[in-house]
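Student: Going line by line, the protein sequences match chains U and B.
Under this note's numbering, think of the first position of the first sequence as 502, with each following residue one higher.
Under this note's numbering, think of the first position of the second sequence as 706, with each following residue one higher.
Please keep in mind that the hints were generated in silico from the structure rather than gathered at the bench.
It should be emphasised that the depicted structure is a prediction, and the values quoted were computed from it without experimental measurement.
You can trust all of the hints, since none of them are fake.
Calculated cross-link-like contacts (lysine-lysine; reagent style DSS-like; alpha-carbon spacing at most 27 Å):
| id | chain 1 | residue 1 | chain 2 | residue 2 |
| --- | --- | --- | --- | --- |
| 1 | U | Lys509 | B | Lys709 |
| 2 | B | Lys909 | B | Lys832 |
| 3 | B | Lys832 | B | Lys861 |
| 4 | U | Lys508 | B | Lys709 |
Simulated DEER-style distance windows between Cβ atoms:
| id | chain 1 | residue 1 | chain 2 | residue 2 | range |
| --- | --- | --- | --- | --- | --- |
| 5 | U | Thr573 | B | Val754 | 30 to 36 Å |
| 6 | B | Lys861 | U | Met591 | 31 to 37 Å |
| 7 | U | Met522 | B | Ile731 | 18 to 24 Å |
| 8 | U | Leu583 | B | Gln804 | 30 to 36 Å |
| 9 | B | Phe707 | U | Arg564 | 25 to 31 Å |
| 10 | U | Gly619 | B | Glu908 | 35 to 41 Å |
We put the CB at the ideal spot given by N, CA and C, even for glycine.
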Amino acid sequence: MLEYCGKKGAQLINTVLRLYMIHLFAILAVWLATYYPGLDVVLAVLYLLVVVREVRYHQSKSRWRIFVVVLTWQLTGLFFSLIILARCTMLELYNYAIFVLELWYTPILPFLSMLPTGSLEKPLYYYALLGMPLLYVAVLPLFNKKIKIRRLSDPGNDM
Amino acid sequence: MFWKQRQRQICLWIFPLVSLMLMISILGSNQRLILSEDAVMYTYIKSAVQGKVGYGFNVVNDNGMSFEGLEPGDLLLGGYPGCAYGRFSHVGIYAGQGQVIEAYADLGITVQPVEHYRNYTEICLLKVNADPGVKQKAVDYVRRYERHLFYPTAFKPGERIWNCSKIMWRAYVVQGLNLDPYDDLWIAPDAFYNSPHVRILREKGGAAY
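So here's chain B without its partners, still in its complex pose (with noise of 0.2 Å):
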């Protein structure tokens, strides 16, 4: 009977001993994240102290964006207002061909045409400062993974689990270019706008965050 309860106790509260321990390990390895003002937790957590959760307002829009210059290998941003993470919400990798790799909830990584990123109020065409054959290998390693798992809070490591910046991230990184210039945990569309790896190509909007 004592043996019982015990069970049912540890039952109980083994996640939330786990939880902790997790947390503690995982901001141990990452002390520096905790006073800088630039992490992207700060950032969700400011936004959710303003009401502002998810990826901001579908507005209807036509931004009149031109994708003239874009090579395989770029990067679209794209955005909406009240964005909890930042100006941007989104990220895809330009694959040549009027298409764009990207990735959703619903359809995992997945290639769309790029014109629907008229309909994002925010938006901006970044130029990746690498070789042709490198921005086409990063293409290639994002094709790889389509179909597969979507999820809005993915950590940088491993590669079972992606959100639409991840793979972006890691397509690069796996060729010795690290885009991401804070080096956090997770990675929000706006470090690429950040990057000092790449240049604006041509941008709209522009409202402060």
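Excised from the complex, chain U in its bound form (with noise of 0.2 Å):
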């Protein structure tokens, strides 16, 4: 059991130490790429390909461990976005915190510049950051594979 339990755990490290890696070179290399316009869009396109990728192939037959992967690895956007939803001024966070939350969403940046302005108080890619949390740990986990296949081969059978 403790075994089991180990080689699940570090199945699940594996794969949020994986997604970190990725998304903080994609962050670096979208940044880089705005330099050249367009080759912007051609990266954020091949991040979510990547990123999708991953959680399609981790290798777990629960919905929830996915969940889990997806939720530790956007803890700073959450984090972040909590600050600035409850106006958190401790330590200053809440000046930065849009700041931070601009930087870590730098691999899907090239869509949020194409959003339309929209007419609310604040333009609509700010609001589109702030639910940007929710938004990955909502979707990624649908594309987990294996969720698929168990529920077509024997739903009640979780291991």
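If you follow the hints, you should be able to join the two separate chains into one complex; please do so.
Tutor: Written as structure tokens, this is what we have:
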């Protein structure tokens, strides 16, 4: 049992670390690519494909484990999004939270730059940034291949 | 199985490799910046080493600046102590009738009352040496991008991603007037202060950085 939990835990940590590495270098790559307008959009699409592939092939049959993986990976975005929503002025974090949130979501920045401006109090990209952690956590686990296979073969048999 | 493993490795290493190639490409086409002490990237690096990150520390302030004499198209610079990118952290363009167009992370490019520049510790009003028609066109250019995306480290090329300095610089560059004396990858607010195409109308502060 312990060996099983250790193996599953190691798989989770491995996937989270891989997602972090992909995400952090995608921040750098997409930011640098904005120097060549158009290339940043191509890299943003590539980022989504790579991330979906990672989630899709994660070796887990439990949707909750995939959810935990994506949530752990997006904790940074979630934290700063909550700081802004709660207007938390502790440690001057609130003043810098939007900058950190923008930097964290640099890989999808090209898509945000193409959003219509909207007619709400703030531009549409601002609300999209705040909601991005939820979007990642809600949508990405749906791409996991193992979950679909489990539903087709034996819905009641959860490892 | 082999191909699946290979795919996993490609996914992991593609962005580090692309980042490296892009860095080489950008620095390769801007080699003079590597040797130039005035390059904005060295300002950022020096500031980071000194523990300065971001626009500095908000302090409750009233600099008592008068905005008399400003014309549409003139620039306003503002700064706080501890700013990572020089004396000034922000720039706006005067639009007339007590309004300034500027860019913020949460508002994008936005029209605001000019009075809030009295909150800055460092402030400078710059008169741009250009025809009134050119200056009005610069204001109209900036206004066209109202509510568009702000990103702090936006490079100069492109018209989708802006910061407060880039939009002001571009508003004049499209009309043939380059306000950046350094011809850098980015433009920091301090560059406008040192531009040969402006003269100082009024300033307060003057702390050494």
